[in-house]
Amino acid sequence: MTNRIMNPILRGFHPDASVVKVDEDYYMATSTFEWMPGVEIYHSRDLVDWQLIAEPLQTVDQANLIGNYNSGSIWAPHLSYSEGRFWLLITDVKTGTAFKDTLNYVMSSEQINGDWGKPVFVTASGFDPAFFHDDDGKHYIMSMLFDHRLEKPNFSGLVIQEFDTQCMKLVGERRHFYDGTDLGVCEGPQLLKRNGWYYLLCAAGGTGYSHAATICRSKELMGPYQISPYHPLLTTKTDPDNPLQKSGHASFVEISEEEWYIVHICARPLTKRGYCPLGRETALQKLEWIDDWPRLANGTMYPDVQVERPSIGVGVIQQNDFSSFTDFEEKELPKTFKSLRRPFSEATSLNERPGWLRLYGEQSLSSVHRQTLIARRWQHMAFYAETKMTFQPKSFQQLAGLVLYYDTENWHYLHVSYDETLGQKYIQVETAEINRFRYASERIPISSDEDIRLAVRVDREHAQFYFGLAEDETLRKIGEVVAADRLSDDYIKANGKLAFTGAMVGICAQDMDDHSSYAEFDYFSYQEKH
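In the numbering used here, the protein residues as written are 46 to 575.
Derived from the structure by calculation, the hints contain no laboratory data.
Do not take every clue at face value.
Said to hold, decoys possible - Derived SDA-like pairs (lysine to any residue); straight-line CA-CA distance at most 20 Å: (1) K214 / R130; (2) K574 / Y243; (3) K439 / H560; (4) K317 / Q363; (5) K522 / K538; (6) K183 / R90; (7) K433 / S492; (8) K139 / H178; (9) K574 / K439; (10) K522 / A500; (11) K331 / H560; (12) K214 / G129; (13) K163 / M213; (14) K264 / L190; (15) K163 / Y243; (16) K66 / H178; (17) K183 / N240; (18) K264 / H184; (19) K139 / N109; (20) K331 / M51; (21) K264 / Y243; (22) K145 / N115; (23) K145 / G112; (24) K538 / N240; (25) K264 / D180; (26) K145 / I111; (27) K145 / H193; (28) K439 / D496; (29) K433 / Y471; (30) K197 / R220; (31) K538 / F144.
Turn these sequences into a full structure, and let the hints guide you.
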């Protein structure tokens, strides 16, 4: 057993981690954006093995994401514990123009995996809200301040205001208490009180290759705050060869007074400063304290891929393979699956045909409203995914199949549909890149009504689709090799769009006629190639 662990500790699209320690337990919440259930909370006792145990946003009453733009919705949750309860702050981002409608809500629960109730609206002044529970019994909510005025910078520093946990509302005056650093774009604030100092940990520099985490301190909550001599605390901006690029947006983890870590965002590009289809992941770094200032234990501002194993994690096996298989025999869908913009709904059923997942077709892959799409993250650069489907379309407007998906404008789709001229089913690959659509294969007629197997092999920047009838031992290739690496925020941002999530692989159905058709899936296999 090595005395080191490998980063990232949460692989695939898991950004904006917020950690809280309760007794011997560590809980970590991550962003889910337009994917439901919303907010994922992981649990660990060793900082090595993390298990998904709660998803607080389960219903439309808790998060109505229908119509939200791509990479909007649930940003940067903050998880804390006070007064015998867990507290969760979330932002539902509704618009992404010169304006940002950032609706911030508070939720709480006595049990981490209990009923979190209906979110309570508190403010819309900015995103990345975070709690600070001071040792004098007062509670505060802070966030970045968004300024829509065209002559002003959008990121206008940080604001803070007292919060009444009994009345569940902000009280007193909102204070603008921090402007940020020379790195700009100050967001993601976290406050820690230690040895009489208030430490303000912030994300800076944007979400791309200039991302960073900064630290400053003050004897007073409202400041003024002094920047650390170890500035920034964390970045890869000047380290283009580091495997953990885009490092920033961090959260403190205290094991003991002598042993500290941070979790932070990172991304692993396929090439130097290239595309990152796995999205922004979560890594762990050890800290040391020097004259009451934290810095990375490696003595630099640059993260390590391998870090010293926490003392509480000695002997714990780290999971390195996230392959999964389901035959849909369960009463509920496995937690690896997410649904787009709405909970698993009346459009999905495990009961209509036991042992199969039925998906009723609704809107197209371009819709930000009611898609029927069930998917899981890519968690490795190379994997093979396969499913078996039965589907009897009667119209060209009815489709179903296997999809590599980033958002409504970017996907590769192996689908079965119906050709009224031929009078039979067919299979074809279609791709969308920044809403530019094209076919990536010929249209192949299918004369049999047998079940059909659909598969895709992703190998770093490339993806190849396959298909065959259920009894076929060997699947055949269909279409050209498509660009898997373009399902990444880097490619999408380079084309003038916002993108903050990560690539997914899943199954879906569309019926752009009367929403009556359905496809049934016998299994879904995701196998990583290490």
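Status of the hints after comparison with the structure:
1. K214 / R130: Cα-Cα ~16 Å, so holds.
2. K574 / Y243: It is violated: about 46 Å lies between the C-alpha atoms, which goes past 20 Å.
3. K439 / H560: holds, 12 Å
4. K317 / Q363: Since the Cα atoms of K317 and Q363 sit roughly 27 Å apart, the hinted pair is violated (cutoff 20 Å).
5. K522 / K538: violated, 31 Å
6. K183 / R90: Not OK: K183 and R90 at ~29 Å, beyond 20 Å, violated.
7. K433 / S492: OK: K433 and S492 at ~17 Å, within 20 Å.
8. K139 / H178: violated, 28 Å
9. K574 / K439: Outside the cut-off at roughly 38 Å; violated.
10. K522 / A500: Distance ~9 Å between K522 and A500 Cα, so the pair holds.
11. K331 / H560: violated, 53 Å
12. K214 / G129: holds, 19 Å
13. K163 / M213: With Cα atoms ~12 Å apart, K163 and M213 stay inside 20 Å; holds.
14. K264 / L190: Distance ~23 Å between K264 and L190 Cα, so the pair is violated.
15. K163 / Y243: violated, 32 Å
16. K66 / H178: Holds, at roughly 13 Å.
17. K183 / N240: holds, 18 Å
18. K264 / H184: holds, 17 Å
19. K139 / N109: The hint holds at about 10 Å.
20. K331 / M51: The given pair, whose Cα atoms are some 13 Å apart, holds under the 20 Å limit.
21. K264 / Y243: Measuring from Cα to Cα gives roughly 6 Å; hence the hint holds.
22. K145 / N115: Roughly 14 Å between the alpha carbons, so the hint for K145 and N115 holds.
23. K145 / G112: holds, 15 Å
24. K538 / N240: Distance of about 42 Å is beyond 20 Å: violated.
25. K264 / D180: holds, 14 Å
26. K145 / I111: Judged against 20 Å, a Cα distance of about 17 Å means the pair holds.
27. K145 / H193: It holds: about 8 Å lies between the C-alpha atoms, which stays within 20 Å.
28. K439 / D496: holds, 16 Å
29. K433 / Y471: holds, 16 Å
30. K197 / R220: Holds - the C-alpha atoms of R220 and K197 are around 19 Å apart, at most 20 Å.
31. K538 / F144: holds, 18 Å
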